[in-house]
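*Asks:* Position chain X relative to chain L; hints supplied.
Protein chains in written order, with this note's numbering: chain L, 1 to 343; chain X, 1001 to 1325.
There may be inaccurate statements among the hints.
In silico DSSO-like cross-links for lysine-lysine, where the CA-CA straight-line distance does not exceed 30 Å [to be verified]:
| no. | chain 1 | residue 1 | chain 2 | residue 2 |
| --- | --- | --- | --- | --- |
| 1 | X | LYS1242 | X | LYS1283 |
| 2 | L | LYS230 | X | LYS1283 |
| 3 | X | LYS1287 | X | LYS1250 |
| 4 | X | LYS1212 | X | LYS1283 |
| 5 | X | LYS1195 | X | LYS1283 |
| 6 | L | LYS342 | X | LYS1242 |
| 7 | X | LYS1287 | X | LYS1212 |
| 8 | L | LYS282 | L | LYS22 |
| 9 | X | LYS1195 | X | LYS1004 |
| 10 | L | LYS230 | L | LYS342 |
| 11 | L | LYS270 | X | LYS1004 |
| 12 | L | LYS342 | X | LYS1004 |
One side of the interface only, derived from the structure: several residues of chain X facing chain L at Cβ under 7 Å [claimed, not checked]:
| no. | residue |
| --- | --- |
| 13 | ARG1048 |
| 14 | ASP1049 |
| 15 | ASN1053 |
| 16 | ILE1056 |
| 17 | THR1060 |
| 18 | VAL1066 |
| 19 | HIS1073 |
| 20 | ASN1164 |
| 21 | SER1198 |
Calculated from the structure, these hints are not laboratory results. In this text, all values refer to a predicted model and were calculated from it rather than measured experimentally. Glycine residues also receive a C-beta, built at the ideal position from the N, C-alpha and C atoms.
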Amino acid sequence: MAGDAVSEGLTMELNLANPTGKQLLALYEQMLLIRRMEEQLKLDAAQGNLPGGVHLYIGQEAIAVGVCSQLEDTDKITSTHRGHGHFLAKGGDPRLMMAEIWGKRTGICKGMGGSMHVADFSRGILGANGIVGAGFAIATGAALSAKLSREHRVSVAFFGDGAANQGVFMESLNISTLWELPVVFVCEQNHFSEFSPSATVTAGQIVDRARAFNIPSDVIDGNDVLAVAKAAHAAVERARKDHGPSFIEARTYRIQGHFEAEQLFLAGGKYREEQEIEEWRKRDPIDRLKNGMLSGGKARAEDFAAIEARVAGVVAEAVRFAEAGEPADPELAFDLMFDGQKA
Amino acid sequence: MARKRYLQAITEALHEEMARDSRVILFGEDVEVSVMGDTRGLLERFGRDRIRNTPISEATLTGMAVGAAASGHRVVLQMLFSNFIYTGFDAIANQMAKLRLMSGGQASMPITVLASYGGGGSIGAQHSDSGYPALMNLGGVNVAVPATPADAKGLLKAAIRGNNPTFFMEAIGRGGEMGDVPDEDYVIPLGVASKVRSGKDITIVAIGSMLKPALGAVKELEAAGIDPEVIDPRTLVPLDEKALCDSVAKTGRVVIVDEARDRCSAASHIAAVLSDQAFSSLKAPIKRVTVPNVCLPYAPNAESRLIPSAKEIARVCLNLLRRAD
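So here's chain L without its partners, still in its complex pose (with noise of 0.2 Å):
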């Protein structure tokens, strides 16, 4: 299938000096597969025909690329309740996320967690998460795992600027450069904390809260997928040499509500205007790296047509094998509570 020629894309290593055209075809690839997806699923949940809510990456997608184009197999991350992107940047399965959102018991969590909670363990996900922070302390434990294995894996913790005010967000900072740990803390700063601008709960830059522990921080446009791989590979670099966290801003833009169907909720109430959404539709980090290739002359018109039919035909195999496969079993409920014992 075609998501096979977006991971066979990525496995050369990114020269990121110069990048040929063909990396760079491969970062588009999977940006536009994370774009198709959620645009799949915001006519889904527009429709319908979701069970539950989705929170959409749309516009943020340089960011996971870019990061997870440094990111071995064997390397953890942690996620977001805005989660899709990262999970297929790092080699998630969209045929098992389709179905795990569809709630079908052929999802990647069986239908048990949703798509606040796709996780895929085998390749280091270690999931999606619906508490807001709550990644930074579980990728700081699988740091210290890493850490004690001597395997040179790293981890990396996505989260956005809202979770930036939680406090174990300072207690992960102290402990990891403490036990100088291999962890990347990579902030999506996406100027929305739920539906708050980040300006009116945010006090600071956030950036200045990491450096505080003395840690390389960088800010970055995390709507350019080469600013963020080359700051990621350099953070991700570091902690596999031992030499401890390090932290990236990155500044993007929330493109879709804090969750679809949000406007059923708020009631004709508004906390941003429609011009500053457009502003940074001009921003969009996609069409960005392709105008970009096309006048370096890195790649032509064609190469793009072609990707757009490939990752539709990816979307389309993903929406078939979720409407096809069976309801999740309850029972598993039981079964599921505890290893090799019945809740």
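*Replies:* This is chain X only, laid out in the frame that chain L set:
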């Protein structure tokens, strides 16, 4: 068999399990000097990689236990007092207890949390809760409440070797108490109650720290010509419901003693189980002897009158037996 103290049995279990499996790591506040006494000697023997003093950051420590366990280590987290579980509760309730289900069974959570509980030492309300009922309600964590040195050692070994999160609740008042501990390597499986005394007239279910006053009450009852049975559930999750029902089927009367506050206590859960499953055996109402729905105060006289005593347990048993059959 050798006579050993409760804390000594716990320390031995930690030493033996860490020697047995190099994936076992232990961290927590002040575990190097071991202010609670249970981690003594571990640093010298196993080194700073596996034995780690942490900052006072419970909310992160519980989450780190989840991350390390999900990455292949077997974690022992020392949380000092059961009250401090509250500060680390998010990762316990939302991650540790749920990640296995939410991931469709991908995650194993080999985590043992050590925490002492209970009053009697004038340590004030923020250090004397018996906080296990909140843990019982989470669904995804086991709760062990060993009352004797032998049970402490065997249950702790089972917890560390197991693949599920287990809260190992240390009865704070029993640390120095002696008991016989087998010399050989042994494990006590979770979910198997212990019949501490066999009798026919009334069942006393004694939870953790309450075994001692319950056995004190037995002496008073024996003097009055009564033959009580004493059951120690040893673990609250999983709960050996059969052992409890079998005992009540024999005696027809039951008093449940628990150092937790009465409302939604372990005792009230056990009472509900027995009223569901052993109703036809009951000759009298199920009685609970628990801490009232208040926090334990500091002053020794104020504190001690709230914690179930041998005298109070005996009084409740005698009242129950005076009811006509």
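*Asks:* Confirm or reject each hint.
*Replies:* Verification of the hints:
1. Straight-line distance between C-alpha atoms of LYS1242 (chain X) and LYS1283 (chain X) comes to about 19 Å, which keeps the hinted pair within the 30 Å bound.
2. A distance of roughly 75 Å separates the Cα atoms of LYS230 (chain L) and LYS1283 (chain X); the hinted pair therefore is violated under the 30 Å criterion.
3. A threshold of 30 Å between alpha carbons decides the hint, and for LYS1287 (chain X) with LYS1250 (chain X) the separation of about 17 Å falls inside it, so the pair holds.
4. Restraint check: the Cα-Cα separation between LYS1212 (chain X) and LYS1283 (chain X) comes to about 26 Å, which is no more than 30 Å; the hinted pair holds.
5. For the proposed pair LYS1195 (chain X) and LYS1283 (chain X), the alpha carbon gap of about 21 Å is at most 30 Å, so the pair holds.
6. At most 30 Å may separate the alpha-carbon atoms for a hinted pair to count; LYS342 (chain L) and LYS1242 (chain X) meet this at roughly 15 Å.
7. Only pairs whose Cα atoms come within 30 Å are accepted, and LYS1287 (chain X) paired with LYS1212 (chain X) is accepted, the gap being roughly 18 Å.
8. Taking the CA atoms of LYS282 (chain L) and LYS22 (chain L), the gap is near 25 Å; set against the 30 Å cutoff, the hint holds.
9. Taken as a hint, the LYS1195 (chain X) and LYS1004 (chain X) pair is honoured in the structure, with Cα atoms around 21 Å apart against an allowance of 30 Å.
10. Note on LYS230 (chain L) and LYS342 (chain L): the hinted pairing is violated, with a Cα-Cα distance of about 47 Å set against a maximum of 30 Å.
11. A hinted pair counts as satisfied when its Cα atoms are at most 30 Å apart, and LYS270 (chain L) with LYS1004 (chain X) does not qualify at roughly 67 Å.
12. Among the hinted pairs, LYS342 (chain L) with LYS1004 (chain X) is inconsistent with the structure: their alpha-carbon atoms are about 34 Å apart, more than 30 Å.
13. The restraint placing ARG1048 (chain X) at the interface with chain L is violated, with a minimum CB-CB distance near 10 Å, outside the 7 Å limit.
14. Checking ASP1049 (chain X) against chain L by beta carbon gives a least distance of about 6 Å; that is within 7 Å, so the hint holds.
15. The interface hint given for ASN1053 (chain X) is violated, since its Cβ lies 10 Å from the closest Cβ of chain L, which is over the 7 Å cut-off.
16. A least Cβ separation of about 9 Å between ILE1056 (chain X) and chain L goes past the 7 Å threshold, and the interface hint is therefore violated.
17. For THR1060 (chain X), the shortest C-beta to C-beta distance to chain L is roughly 4 Å, which falls under 7 Å, so the interface hint holds.
18. Taking 7 Å as the C-beta cut-off, the interface hint given for VAL1066 (chain X) holds, the closest approach to chain L being about 5 Å.
19. Taken as an interface hint, HIS1073 (chain X) checks out: its beta carbon lies about 5 Å from the nearest beta carbon of chain L, inside 7 Å.
20. The restraint placing ASN1164 (chain X) at the interface with chain L holds, with a minimum CB-CB distance near 5 Å, inside the 7 Å limit.
21. The interface hint given for SER1198 (chain X) is violated, since its Cβ lies 28 Å from the closest Cβ of chain L, which is over the 7 Å cut-off.
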